[in-house]
Amino acid sequence: MQILQPGTGPIRADVYLPADPRQVLWGRLPCEADAPVLTVAPGTEVTIDTISHEGIHEDQGRDPLAFFAGFGVPTDEVLTDAVALAASDYRRDPAVDGPHVVTGPIAVTGARRGDLLKITVLETLPRVPYGVVSNRHGKGALPDEYPAAGSTVSVFAGVDGSNGTMPRVLGGSHSVRFPLKPFLGIMGVAVAGSERPHSVPPGPFGGNIDINLLTVGSILYLPVQVADALAYVGDPHFAQGDGEVALTAMEASLRVTLRFDVVPAALAMTEFGSVVGPLVETAEFLVPTGMDRDLDVAVQNCVRAAISLLQARFGMDAEHAYAYLSAATDFDISQVVDIVKGVHARIRVSDFD
Numbered sequence: 001m002q003i004l005q006p007g008t009g010p011i012r013a014d015v016y017l018p019a020d021p022r023q024v025l026w027g028r029l030p031c032e033a034d035a036p037v038l039t040v041a042p043g044t045e046v047t048i049d050t051i052s053h054e055g056i057h058e059d060q061g062r063d064p065l066a067f068f069a070g071f072g073v074p075t076d077e078v079l080t081d082a083v084a085l086a087a088s089d090y091r092r093d094p095a096v097d098g099p100h101v102v103t104g105p106i107a108v109t110g111a112r113r114g115d116l117l118k119i120t121v122l123e124t125l126p127r128v129p130y131g132v133v134s135n136r137h138g139k140g141a142l143p144d145e146y147p148a149a150g151s152t153v154s155v156f157a158g159v160d161g162s163n164g165t166m167p168r169v170l171g172g173s174h175s176v177r178f179p180l181k182p183f184l185g186i187m188g189v190a191v192a193g194s195e196r197p198h199s200v201p202p203g204p205f206g207g208n209i210d211i212n213l214l215t216v217g218s219i220l221y222l223p224v225q226v227a228d229a230l231a232y233v234g235d236p237h238f239a240q241g242d243g244e245v246a247l248t249a250m251e252a253s254l255r256v257t258l259r260f261d262v263v264p265a266a267l268a269m270t271e272f273g274s275v276v277g278p279l280v281e282t283a284e285f286l287v288p289t290g291m292d293r294d295l296d297v298a299v300q301n302c303v304r305a306a307i308s309l310l311q312a313r314f315g316m317d318a319e320h321a322y323a324y325l326s327a328a329t330d331f332d333i334s335q336v337v338d339i340v341k342g343v344h345a346r347i348r349v350s351d352f353d
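According to the working numbering, the sequence shown holds residues 1 to 353 in order.
It should be emphasised that the hints constitute simulated quantities derived from the structure, not laboratory data.
Any given hint could be a false lead.
Claimed, not checked - Mimicking EDC-like on lysine to aspartate or glutamate, the simulated pairs with C-alpha atoms at most 20 angstroms apart in a straight line are:
(1) LYS139 to ASP14
(2) LYS139 to GLU319
(3) LYS139 to GLU45
(4) LYS181 to ASP242
(5) LYS181 to GLU123
(6) LYS181 to ASP160
(7) LYS139 to ASP93
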């Protein structure tokens, strides 16, 4: 597998945004006061490099060369932009900032509050043939039980063809294989004001939504919060199960190509109703979302969003929409580890004329 160092290898779009330290944020998400690192017109395709946070953290030595060497990764297979960021004077306080590296923000000209930013995922290329699943800081679905020794646990996973292989460091006599489905955990738009949000909890702006349906061919709609949207991406994954229970999934750097479009407010209302949070569309599903610190409330918010979507898109009355959702729609837990928990519904478009 080719290592996709900055500027090398396949770059699908005419517009390319590398992830050097001047064009990323680490631990925080963009806000209205941030200057864009790139400005594009609606309809533009952009190829973007993303950096996984695994291997650059302070509790991993803030030295990806040494960290990955411990798992047998040669120096030339460690990304130079990750090395540059870790070695830079970028100030990040692990006590108050998040772990994620985000590339951007990208201004999409003409986007206004009330519009939807439409992000279509065109390509997701692994930049390296390995990733890390970690549990740390007493977080995850079982924070009082893992890590058992009270320290950071980083499980290395190598890529074998189209499958991920977990080595025997897991314990026991068998390795584990699982399919790779690369996607971005963080896709968002800037919030209003001058305060950058923490990178962990998602919100109406998107951010760390961790919805594993956002693979190639999928579309994410986000309610625009500020002029020109100021979009950003990060938290790349090779694979993730719904829930992401151990705190992270298979974290690994990606080169992605996205198309940015703007859906005007009036058209957005006709097509989707009042969209108050991230909305995903795939070839098979419409996927409204719900979020809250309380998982029960997150489910309720997702059901309300689904009813509103069915009313707008298919003209259903609320009672029939509610009944349909109960009979035919799966409500999945996106993640339970990001302070604000996420739920998404998979509404089959083939059920409707």
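Against the structure, the hints:
no.: 1; hint: LYS139 to ASP14; result: violated, 41 angstroms
no.: 2; hint: LYS139 to GLU319; result: violated, 39 angstroms
no.: 3; hint: LYS139 to GLU45; result: violated, 37 angstroms
no.: 4; hint: LYS181 to ASP242; result: holds, 12 angstroms
no.: 5; hint: LYS181 to GLU123; result: holds, 12 angstroms
no.: 6; hint: LYS181 to ASP160; result: holds, 13 angstroms
no.: 7; hint: LYS139 to ASP93; result: holds, 18 angstroms
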